[in-house]
Structures are given as structure tokens and as C-alpha cells.
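J.: In case you want the letters, here they are:
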Amino acid sequence: MLQSVAHVILAGLSTGMFIWLVASGLTLIFGVLGVLNFAHGSFYMLGAYFCFTVLKYLGANFWLGLLLGPICVCIIGFLVERFFLRYVYHLALPYQLLLTFAFVLIFDNLVKMVWGAGSLTPPDLRSLSGSLEIIGRKFPIYNLFIIGVGPLVALGLWLMIEKSWWGRIIRAASSDREMAAAIGVPVPALFTSVFLFGTWLGAIGGGLAVPYVGLLTSGMGETIIIEAFIVAVIGGLGSLKGAFVGALIIGILTAFGTRFFPAFDMFLTFILMAIVLLWKPQGLFGGTK
Amino acid sequence: MSNQGMNRRDFLKWIASGSVVAGASALGTGVVVPSGLWAAPARIKGPIKVGYQAVLSGALAGYGEFHKMGAQMALEEINAKGGIAGAKVEMEFRDSTTKTDDAIKNARYFVDSWEADYLAGIDSSGQALALGPVMEKLDRVLMVTHAATEKLTEEWVFKKGVKQIFRICTPTYQDGHAAAFVAKDLPALKWATVSPKYEYGFTCWKMFQETLKKLKPGVSFATESWAPFGTTDFRSHINTVMDANPDGLYSTEWAGELITFMKQAKQAGLFDKIKHVMLPVGAAMDVLEGLGADMPDNIWISGRYFFLYPNNKNNNEWVARFRKRWNHYPAYVSETGYSALYALKAAVEKAGSKDTKALISTLEGMEMNSPAGHRVFRKEDHQAMYDVPWGKTKTDPKYPFKIMGEQKLIPARMCFNRPPFEGPGSEPPFQK
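Protein chains in written order, with numbering that gives the first Met the number 0: chain D, 0 to 288; chain R, 0 to 431.
In case anyone wonders, no lab produced these hints; they're calculated from the structure.
Keep in mind the model is a prediction, meaning the values are calculated, not measured.
Idealized CB from N, CA, C, for every residue including glycine.
Don't take each hint at face value.
[Unchecked claim] Pairs of lysine-lysine residues, derived as DSS-like cross-links and limited to a Cα-Cα distance of at most 25 Å, are as follows:
(1) R:K397 <-> D:K55
(2) R:K183 <-> R:K393
(3) R:K407 <-> R:K393
(4) R:K213 <-> R:K274
(5) R:K158 <-> R:K356
(6) R:K349 <-> R:K378
(7) R:K272 <-> D:K137
(8) R:K189 <-> D:K137
(9) R:K87 <-> R:K344
(10) R:K344 <-> R:K162
(11) R:K196 <-> R:K150
(12) R:K274 <-> D:K137
[As the list claims (entries may be wrong)] Cβ-Cβ distance ranges computed for the label pairs, FRET-style:
(13) D:Y94 <-> R:G85: 54 to 60 Å
(14) R:D271 <-> D:G115: 32 to 38 Å
(15) D:Y56 <-> R:W113: 39 to 45 Å
(16) R:T394 <-> D:F266: 41 to 47 Å
(17) D:W278 <-> R:A292: 47 to 53 Å
(18) D:Y56 <-> R:P399: 14 to 20 Å
(19) D:F77 <-> R:R322: 41 to 47 Å
(20) D:L151 <-> R:N310: 51 to 57 Å
[Unchecked claim] Covered by chain R, per the in silico footprint, the following chain D stretches (three or more residues, Cβ under 8 Å):
(21) 0-7
(22) 117-128
(23) 215-225
(24) 259-268
Construct all of the structure, not just a fragment, from the sequences and the given hints.
T.: What follows is the structure, given as C-alpha cells:
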């Protein structure tokens, strides 16, 4: 029993940390720019595909792929923000959703044209395939690494937003765009930088998913973006703390559901979201603004 | 918000039609087609139009491509040799997605707007079942090349009399019943499953259990863990199975999800603990190639066709031609797609007509030779009877993926349900 519960928690933590990596960028962009970026899942997918391509052509060094892949995605993210998204910041949410959803379709099909319609399997990453015996059962070291990366990203984000100069300017600009601009903050450039950073986080999530899922498909971003949305809603849209806690809850709840209440595994997540929305419509850590 | 819904794009169709032209123009060397006065008089007013649909978008898009390779190759071969009874064959290939509505829309478009004479394809069992009444109204033959639900042929064709539906691939009997015939000789008594959380997964597991209980009364079934469509994280399912400590694992996971499942199971050490593993759809080329060396040895796999069986001239030459044409080993849907067009050819030539009624009565009971071997379309339910082996994965330096080593053939007549599909004597085991 101890063994099963321990492994359910480990599985839940690694699932949750994945959702967090995607939800963090989504939340950051929404919190600062006020844009609900549906195409964030596409950046996750592109992160995985670019990482795959680096692995394929520059030798199977995963860390190199994880470094270069997301940088390529950031270039695409820059073009999307600079030439499209920038023009809908002041428009109502439905317009933003329409535009970003269009990008979901465009990126899915671009991936199919560039990388082919079938699924891709990454080259053998032997160095990452080790396991560790935890209470009598093997657990992949890579998953432990993911479990460690999640909180590190959370800590880094917190330090950056709360403690750094850049973070202070971001907070100022997101609470009052005009005033910040009036005192000389280059708001458009600042927003681009935040968008790129959020995109980078999503792409890192995709890159990290390459050895974890072991399979790339066009459309792989759509499942995770829905989970990330649920997490963001439960935690409170725009709240990074909320997204982190939400991701942990959903990850562990799903793992427990699958193991102990298999009949309700898909249902649990949505019932939790419904309860949170009824009891606290702004989400667990949502502000009142 | 469904995964597949977002992906359906028509430009793939456009690409498909482009490749039809490109492929056809690449042919023609060394083939002498009689022409002018010496040509046999065309008995059929051409062209003969085939509407083919398979999944071309989303996670299963690779399957559609494999269908297309097989069907396209048959089309090129047939047309290079003068078509069917003198009539040229045309094919349009459409994305079926996995949604029922899309499959019905495609079927209607093919028949009502494009004036197709014959339809083929379909990967999803849900779509196949939904097409039952539609095909009856459209009154065209639909040759199913992948969807496996036994209900299609048992319920729609046999019980409700929808004569327009035929199936050229093996149904769930191969996945469920035949697996039980193999499992009875394994030293495993306690079985568990991780399988898809939908009709296909439930039905196969039920068939496997029922037949295995009859064949080997001492067996027990420890646990079942059902993975929803689109699962990318199987660790909780793997935990469920390992907690139950079975000796045998049966899994009808397939395509990309099977690849992910096998990789994650390997990392969790599942194959060190569970020695007898059976994968009814494990012999699919996308899975074998996708897993490569990550597929352990001595896993029992099967499929709707495997390119190394039967080891005869007809099949081996076909595989060689296929590799030459596409630079790829044929997947099982390539074989069924290819044979679906040759079934049409045989039926039209025998019937002397492309009329649906004539096609149906000719196809019923028709025998044909195909790469997968000898097929007979059973008259009662329109199911093609042919044999596919189960086999154990093996490393072979000649191939960059695991192949079927030791094979075990459960003949279709021993493991396929029989009409009237209810009451005693309609379910296996059969002796002869």
C-alpha cells in the first residue's frame, strides 16, 4: 500500500509539474498583458518539434536541444506578438481568442507540412533513461528531474517578478499602462519581452516533454493547453501562485483518480473546477480586479 | 473541444490530389497497354470512382498516410494495366478525422456530389457503426479497411441486413479471441490489462477473458486500467497493473499511445516483473518503427497483417514493390487499402458491372488472393476470412526495428464468431 501510494504521488507530481510549466507562461502572459493566449499550447508543441530537430541533426544531446529549441520558438513568438497580437491588446477577449485560436490551426498545419503528418519518435536518449528504485519499484530519474524543475521555475519567477527591477516595471505597467508609459517605460517593448519569456517557458515545457512522452504529434499542444487552462482557472487567472498550486492539485488528483477511482478519472478534474468556480469564482488565489 | 476537430484542413486533400497526378505520371515504363483495334472493348462506362477516407489529421494522421500508400499503389498498378474492365479508376482521398459527423459528410459528398461508385477506408469503429444506415441510403458498397468492431458486421450486416458494408481487415476477433488461444499455452494464470477507455478496448478485453476462461479454466483476471483517448502519461495505469502483480498483461493500446505506454512501462520496470505481454495491435509498423530498440524482445504481437507473413512469392514480391514505390515497409492498413481496390477490380470484372447490387452479390462469398493471403468474404456478414499470425518480438540485424520471430497462427475459422452470432456455438473456441 505504501508503495502504491508513494508511486501515485510521484506520478501525480511529475504530471502536475508539466502542467505547471505550461500554465506558468500562460498565466504570466495573461497576468501582465491581459491576453488569453490560446496558441500557448502551440508554442509547447513547437518547443518539442524544434528540440527534436536539433536532436536529429546536431546529435542526440538533449540539453543542446533544450537550449536551442525554445530559442527558435521565441523567434516565432516574437513575430506573432510584434505583428499580430500587439494589435488586439485593446480589443475584447473574443477577438483575442479568435486570433490566437487561428494560430493554433496555422501552427498545427505548419508542423504537418514541415515534419509530416505522422507521429515522430525522438532518437534514443539513453543517458536519460535511468531509473531509481523507490520503495521497491523503479521510478525514472528523468521524472524526478521534472519534479525538481517545477519548483525551481516557480522560485525563479517569484524572484524575478517580486524582487527584480524588471519585475517591478512589469508590475507597474500591468497595473496601469498609461501611467507607466507617461513616466517613460517603453511599454510595447516591455510587453514583447514578457510575451517572449512566457513563450520560452511554454517551449521549455515542450522540449522537456520529448523524453517524457516519447512521441511528437501535431496537435500535441491542445491536450496540455486545456489542462493548463483548467489549472489557471482553478488557481485564479493571472496568479502564478494559483497556477502552481492548481497544477499540483490537478496532477495528484488525476493520479489518485486513475489508480483508486478509475471510473471517475476524467470527471474529477472538472468537478473540482466546478466546485472552485461556484465557491470562489475568481479562483483560489485570484485577485478581485 | 476535441483534439481532432481543430486539425481538419482541406489542403491535405489538395496535397493528396496533387500526389495522385504526380504518382500516375511517374508510371508507364515497360507496360504495354493494348490500344486501338486490338484493345478489348470496354464493357464498363468509365471511369470507376473510389471514394477513400481515413484519418489524415491529429495524432493518428500517420495511419491515413499508410492507407493512402496502399490504395494509391493499387490504383497506379490497375490503371497501368488498363484499368478495370477497360475503365479507368479514379480515387479521391479525404480526411475522415475521428469524428462521426465528418465521416458521414465525406460519404455523402463522395456519393452525392462526386458520384463515387465504391467507398473504402474508415479507421474508427464509432464512425463505421454510424455509417451503417447511411450506406444503406446512399446504396454504395463501403469496404472497411481498418475499423475492427465486430458489431459492424454482426449487427448491421447480418442482423439488420445492411448489405452495402463489407470488411477486408480482421475484426476484434483477432485481437480478443485469437489472443486467448495464444495465452492458453503461456504459463501465466493471472492477467491484467491497460487498454483504451472506449468500446474497442472494452470489447477486446471481454472477448479475451471469455475465451481464455473456456480454454483454461484456472485463469484469473487481476485488474483493468482504462486509459482515455489522448493519454500521454501512463504512469498511474502502470502503477495500477504493477500493484495487482499479475503474470500476464494484455493491452489493446495502439498507435502513438502504445509507443508512449511501452516506453513508460519499460522505465518503470514493468517488463522485469511481468513476463508475458500480449499486444494485439503491436505488429503495426508505426509502433515497431517508433519504438525501435525500446520494444523489448519476446512480447507477443499481432495486427491485421504483418509484412513477413505469409512468406510466399506473392506477398514477398508485393512488399518489394511497395518498398520500391514508397521507400517504406507496408503497414497493415497499406495492405488492406491495397486489397480493397483489388477486391473492387475482381468484383467488377466478375459481375461485368459496377452497379452496387451486382457488386454486392459478387462480393458475397468471393475469394481473392492478396498480399495477406487467401481471403473469402463470408456471405452472411460480409467479413473477410483470412489468417494473421501472432508472434514474439525478436531482434534481427536486417531490420532497424523488432520483427515477429516465433509465430503462432490461429486460423480465422477457429477464432472468428460465427453466424447467427447469438446462442451456443456462435463464439469460439471452434475445433475445425
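J.: Taking only the CA atoms, is the gap from K189 of chain R to K137 of chain D under or equal to 25 Å?
T.: 22 Å, holds
J.: Within 14 to 20 Å: is that where the Cβ-Cβ distance between Y56 of chain D and P399 of chain R falls?
T.: 19 Å, holds
J.: Is the distance from the Cβ of T394 of chain R to the Cβ of F266 of chain D consistent with 41 to 47 Å?
T.: 43 Å, holds
J.: Indicate whether the distance between the beta carbons of F77 of chain D and R322 of chain R respects the range 41 to 47 Å.
T.: Holds: the Cβ-Cβ distance is about 43 Å, inside 41 to 47 Å.
J.: Could you see if the CB distance from W278 of chain D to A292 of chain R stays within 47 to 53 Å?
T.: Cβ of W278 of chain D to Cβ of A292 of chain R: about 51 Å, so the range 47 to 53 Å holds.
J.: Does K274 of chain R sit within 25 Å of K213 of chain R, going by the straight-line distance between their CA atoms?
T.: Cα-Cα ~23 Å, so holds.
J.: Quick check: do three or more residues in the segment 259-268 of chain D have a beta carbon closer than 8 Å to a beta carbon of chain R?
T.: Since three or more residues must qualify, the claim that chain R covers the segment 259-268 of chain D holds, with 3 doing so at under 8 Å.
J.: Does the structure keep K407 of chain R and K393 of chain R at a Cα separation of 25 Å or less?
T.: The given pair, whose Cα atoms are some 14 Å apart, holds under the 25 Å limit.
J.: Verify the proposed pairing of K349 of chain R with K378 of chain R, using a straight-line Cα cut of 25 Å.
T.: Judged against 25 Å, a Cα distance of about 16 Å means the pair holds.
J.: So if I understand the rule, the pair passes when the alpha-carbon distance is 25 Å or less; does K183 of chain R with K393 of chain R pass?
T.: 21 Å, holds
J.: Starting from K272 of chain R, check that the Cα of K137 of chain D is at most 25 Å away, please.
T.: Roughly 11 Å separates the two Cα atoms, so the pair holds.
J.: Do the beta carbons of Y94 of chain D and G85 of chain R sit within 54 to 60 Å of each other?
T.: 58 Å, holds
In this structure, every one of the numbered hints holds.
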